[in-house]
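There are 2 protein chains.
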Amino acid sequence: MEDKPKITLYGDYASQPTRACYVFLKYNKVPFEFKQVRVTKLEQYSPEFKKINPNAKVPALTDGDISMFESHTILRYLHESRKLPDHWYPRTDFRERAKIDEYLDWHHNGIRLGAGGYIFRKYMSSLTGKPAPKESINESLMNLKKSFKLMEQYWLKDDKQKYLLGNELTLADFSCASEITQIIPSNIASILDGYPKVKAWFQRILDISEFNKVHHKAIATLSKYFQIIDDQGNKPKL
Amino acid sequence: MEDKPKITLYGDYASQPTRACYVFLKYNKVPFEFKQVRVTKLEQYSPEFKKINPNAKVPALTDGDISMFESHTILRYLHESRKLPDHWYPRTDFRERAKIDEYLDWHHNGIRLGAGGYIFRKYMSSLTGKPAPKESINESLMNLKKSFKLMEQYWLKDDKQKYLLGNELTLADFSCASEITQIIPSNIASILDGYPKVKAWFQRILDISEFNKVHHKAIATLSKYFQIIDDQGNKPKL
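Chains as they are written, first to last, in UniProt numbering: chain U, 1 to 238; chain Z, 1 to 238.
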């Protein structure tokens, strides 16, 4: 008999925060069901999904009678409710935990504003009928470079550390790497060469088989799509 | 003899996240020193401050040998390190804690994107030499209305609850209310009338004397400044 409520993760492989939660569940061998909510088909706005997440965004999680949205909330909740190893998000060492929170709280207006913002403005915005102006695309690129610089000089400053917060994986690693993955098939992939510590850390995360499997597929799909837009300028016809 | 390291909060009264941390410290009677970092004078970029916060934003906190940035990280850390009452951010009930995390994680691209985005674009951007275009100001306004609607229908759906997450204050209340305060002296203050539950909750927070004292002063300062810009259109001469 199952003594834990069953987890369902709602999301889309094309969504970076969905992939962070998906990989975290797989890596930690937590049983779950995945329900695809296709954002390109606007399924996140369906009345059924809005009952689960009134904010109409992916990912969302249900666990028995509780539901929640926001990927970092989902990661923190899974870690605590499934009693996963302490290194992900220390329970008693609140000084160490603060350093992970600091990354997770920065993420939204840091790497996500840069990477997610760039990809949305450069590749997605034209699909909405309102292509982003060139200067706003450049603004996102500047934000991304600023974020990589901070990672290089602050989180990854110690040459010997394996991961973002030291030598063990934390919630910050999967969240950050899932966001960066989307620039790989884009026209700015080469900027990573300017940030060797970020590049080496990112490669270390990509080499984790659970991470690689999900992201390999996502990169391949995005790659085809981005190529069409790169070829057509700002007028995609899909 | 002092057995706790001394806390220093670095920030600016004009910064919403600074005010959230400041009020939290005052309300909980945690002794601290406040050091003003004037963002209008770009003091956050000084080499001295960047040693404390390499991200060059306010607020930041030092506590003995540890330093950190990001207001939600600061709030969580203060709560745990000073053993403050459980209702702010439950220690053992991780289901309740997840509902607070959900708000805190949403905040960045929710109320802050709307309220902070609107005020920056409408009132601050012209000072940087790049006034925001009208359509981007409208975009922020739409985001703000969407955020208020979600608060009304989701966080504040129960007519009887006093605060965002129930009948006791949580970290979410001060963070959210500090962000909303800045629209009071702006040209869109009246939109709150369209969201009666948000308005009533916000008034309840404003009535807390520690909150009122700090924000009353901030509103008065912003009010003078916004008036000049409202009078001059998009060409402030300060």
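The set of hints was computed from the structure by calculation and includes no laboratory data. Glycine included, every Cβ here is placed at the ideal spot set by N, Cα and C. Heads up, a few of these hints could be off.
Said to hold, decoys possible - Quick look at which bits of chain Z chain U covers, simulated, 3 or more residues with Cβ under 8 Å:
(1) 10–24
(2) 76–86
(3) 92–99
(4) 183–189
Comparing the hints with the structure gives:
1. 10–24: Answer violated; 0 residues pass the 8 Å Cβ test.
2. 76–86: Since 4 is at least three, the answer is holds.
3. 92–99: holds (count 5)
4. 183–189: violated (count 0)
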